[in-house]
Amino acid sequence: MENITTSEFKIIEEPKKQLSMNPKKFAMWLFIASVLMLFAAFTSAYIVRRAEGNWLYFELPDLFYYSTVIILLSSVTMQWAFFAARKDNLEMVKVGVGVTALLGVAFVIVQFLGWGQMADQGVYLVGNPSGSFVILLTLVHGVHLLSAIIFVLIVLNASFKLKIHSKSMSQIEMCTTYWHFLGGLWLYLFVFLLLNR
Amino acid sequence: MATVDIHAHPPVPHHDDHEHEHEHHHGNFWTNYIFSQDHKVIAKQYLITGIIWALIGGTLSVLFRLQLGFPDADLSWLRPLLGGWIVIDPATQVGKLDTEFYLALVTMHGTIMVFFVLTAGLSGTFSNFLIPLQIGARDMASGFMNMLSYWFFFLSSAIMFTSLFISTGPAGGGWTIYPPLSALPQAISGSGLGMTLWLVAMVFFIVSTLLGGVNYITTVINLRTQGMSFSRLPLTIWAFFFTAIIGLLSFPVLFGAALMLVFDRSFGTSFYLSDIYIAGEALAHEGGSPILFQHLFWFLGHPEVYIVLLPALGISSEIIATNSRKPIFGYKAMIGSMLFIAILSFVVWAHHMFVTGMNPFLGSIFTLLTLIIAVPSAVKIFNYVTTLWKGNIVFTPAMLFSIGLVSFFLTGGITGIFLGNSAVDIQLHDTYFVVAHFHLVMGSASFFGMLAGVYHWFPKMFGRMMDDRLGKIHFWLTFIGVYLVFFPMHYIGIAGFPRRYYSWTNFETFGGFTDLNMLVSVAAIATLSAQFIFLFNFFYSIFRGRLAPANPWNSTTLEWTTPRFPGHGNWIGEIPSVYRWPYDYSKPGAKEDFIPQTIPYSETPESNFPHENELIKLEMSNGSTIVVEERKDHGHH
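Note that the protein sequences, when read in sequence, are chains A and B. Using numbering that gives the first Met the number 0, you'd call the opening residue of the first sequence number 0 and step up by one each time. Using numbering that gives the first Met the number 0, you'd call the opening residue of the second sequence number 0 and step up by one each time.
Among these hints, one or two may not hold up.
As the list claims (entries may be wrong) - Below, simulated DSS-like cross-link-like pairs (lysine-lysine); rule was C-alpha separation at most 30 Å, straight line:
{"id": "1", "chain 1": "A", "residue 1": "Lys-24", "chain 2": "A", "residue 2": "Lys-93"}
{"id": "2", "chain 1": "A", "residue 1": "Lys-24", "chain 2": "B", "residue 2": "Lys-43"}
{"id": "3", "chain 1": "A", "residue 1": "Lys-24", "chain 2": "A", "residue 2": "Lys-160"}
{"id": "4", "chain 1": "B", "residue 1": "Lys-586", "chain 2": "B", "residue 2": "Lys-331"}
{"id": "5", "chain 1": "A", "residue 1": "Lys-166", "chain 2": "A", "residue 2": "Lys-93"}
{"id": "6", "chain 1": "B", "residue 1": "Lys-43", "chain 2": "A", "residue 2": "Lys-23"}
No wet-lab data here; the hints were simulated from the structure.
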């Protein structure tokens with residue numbers, strides 16, 4: 000290089016490459032942010048409305064405690080499947096993801112039965128807003144959980160096609176993130192309802 | 000163990016891989032123009048749909064201005080268009096606009112203009128078109144989601160459009176759809192099927208906005224080309240970025256509010272309803288609060304103002320700098336003020352609710368927060384003016400519309416300071432003063448931003464130029480027309496005219512304003528007519544306009560480095576790298592009065608500032624970021 004004069008050469012600066020992450024994962028987080036805003040709207044509306052009085056007090060269904068345990072368990076199995084995928088333990092991935100899907104369905108059923116327990120107390124969708132809010136919150140959360148169950152089934156399908164392993168983690172990673180988020184969201188809603196009946 | 004497909008995905012996918020040769024898609028008509036995933040085609044779809052909506056929204060406003068300006072006129076000549084909505088008095092044979100249809104006209108005008116034109120038409124067009132082109136990306140992060148975003152918007156548009164033609168008329172409760180009026184079908188005909196369709200359309204609209212917004216944010220963060228750091232982003236991109244974030248955080252709240260309204264309307268809940276009697280009969284709804292809806296609605300509604308306005312401000316920043324041939328004054332201050340506006344937009348919503356019986360102490364807090372918005376807004380105005388100051392101004396139609404935007408933003412912004420005061424607002428609330436304020440500051444300003452954007456980027460969109468002279472005629476007629484429409488409204492509003500009233504002829508007090516109202520209506524008709532000059536210019540130029548040069552405005556940003564008709568993928572070969580900020584206009588010592596972002600500092604020793612020379616030396620000494628190549632004969636960059 001020493002014998003070459005610079006006039007014969009063009010110097011091209013290579014600017015720094017931009018930091019970036021997987022766009023799909025990032026988009027997933029943005030979606031979670033918007034779901035969070037939806038529930039922030041509902042729960043703050045709940046607080047504002049409750050502060051105005053004329054608020055019916057009733058016991059939350061016992062079944063909601065069971066559903067809380069179920070969804071926490073499902074988060075454990077989901078995380079277990081995720082770790083198994085990272086260790087290329089493919090049979091365990093199938094089991095973990097499959098059990099998560101079953102627990103998810105069980106959660107939705109128990110929530111539905113919980114509405115029955117509310118009805119036994121005489122609390123329906125129509126009536127004092129305190130009951131309507133509980134049904135609304137569980138319903139909208141349940142709809143999101145159904146979307147997550149579909150996602151889990153897609154991952155289950157992919158795991159049977161052996162498409163999920165330590166070199167191909169982003170799908171199961173996104174699914175795990177969404178599942179934990181909805182579990183955490185339910186925990187927040189449940190504690191919120193317990194504290195603000 | 001079973002076989003595993005080990006096509007090892009790298010931890011970070013090469014979504015912006017420069018090496019991979021761009022594959023050319025030769026699809027059919029359907030994949031190229033209808034269900035296209037190319038951001039440029041989607042942008043044009045948004046633009047054309049937005050233009051159609053603007054025409055409908057503008058026509059609706061002229062219809063109700065006819066009623067307001069000429070309350071005694073015989074409107075039976077409109078029967079071919081409006082049919083039964085023109086009620087003929089059997090005794091006098093005079094045709095009058097149906098009173099409930101008048102409310103529907105006002106409602107649909109607001110809904111269409113705010114959401115379908117200035118949200119979807121503006122953000123949808125320019126975020127889609129400019130984000131990949133100006134940051135150096137081949138397309139959006141997800142072309143499929145982007146396509147879905149447009150088609151959800153189309154579905155929403157189709158439903159809203161259908162609602163204009165049903166026998167009970169479209170939604171009539173105002174664009175803010177306050178319950179209980181909007182919740183009770185028995186209240187007015189506009190709360191029946193029309194309101195149901197309104198809500199369904201808005202749900203799809205929100206889905207569309209969120210799909211778009213997620214894409215815009217992801218693309219800006221993840222798909223910038225080499226060298227395109229955040230401090231080198233054009234202000235357009237900053238504006239679209241903030242807009243998308245605001246939308247992502249506020250539209251879900253509107254979704255929640257609308258969902259609860261749907262429950263109240265269709266399933267008998269009482270979130271918003273309590274103690275209501277209709278025709279002497281008590282309704283079963285008990286225990287709800289209509290104020291709750293207002294809180295939720297305005298938590299979206301106020302940020303929505305900035306969702307509409309920020310893209311227009313970003314577009315005008317870019318156009319004013321380019322056509323003043325000067326760097327934008329206070330680049331960082333512009334970003335900072337937009338960020339500040341975006342944050343403040345979430346904490347001022349209750350200034351729309353000063354007369355709802357709010358605690359006066361709370362009112363004073365919201366007054367304070369509202370008035371603070373004047374600070375970043377003033378920063379922006381000063382920066383526009385100081386950019387223009389002693390600039391070598393080129394008066395293109397885009398530049399004229401951008402300057403018009405600054406004028407409207409100032410005129411309309413000043414009245415915002417009046418309205419933001421809770422004490423003054425009690426007098427001015429729901430009068431034409433409010434109508435004048437938001438039509439200037441948000442409606443007209445954003446509209447001018449949109450028109451400026453169309454004039455400026457038309458050559459990149461369609462490869463041809465729009466006619467300059469027609470553009471200037473369009474500007475002057477519209478600019479004067481808008482002021483003639485909205486300026487008199489301040490006086491009408493201070494006199495106490497309420498919004499949304501069908502007529503004032505029964506009030507003696509308002510007799511003195513008949514002529515002024517007539518002037519407003521005539522100006523509105525003239526302004527709408529002037530838009531046909533634009534429509535002709537736009538559609539004629541798509542097919543017959545002069546072929547555009549590669550960089551018609553001598554601009555620095557990346558979109559002008561693409562071919563005249565960029566294909567899907569935008570650049571043939573490598574995506575260009577970026578070496579400098581986008582506002583190197585009239586740099587002292589430079590050969591030309593602009594240096595594109597793609598020119599490295601090492602090629603411009605004559606105009607580098609000392610610290611920029613230092614930057615090259617620094618990069619040369621560590622060796623790793625520098626490549627030495629043999630000079631090509633045709634080595635012009």
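(request) Against the earlier hints, flag every one the structure doesn't satisfy and list their numbers going up. (result) none
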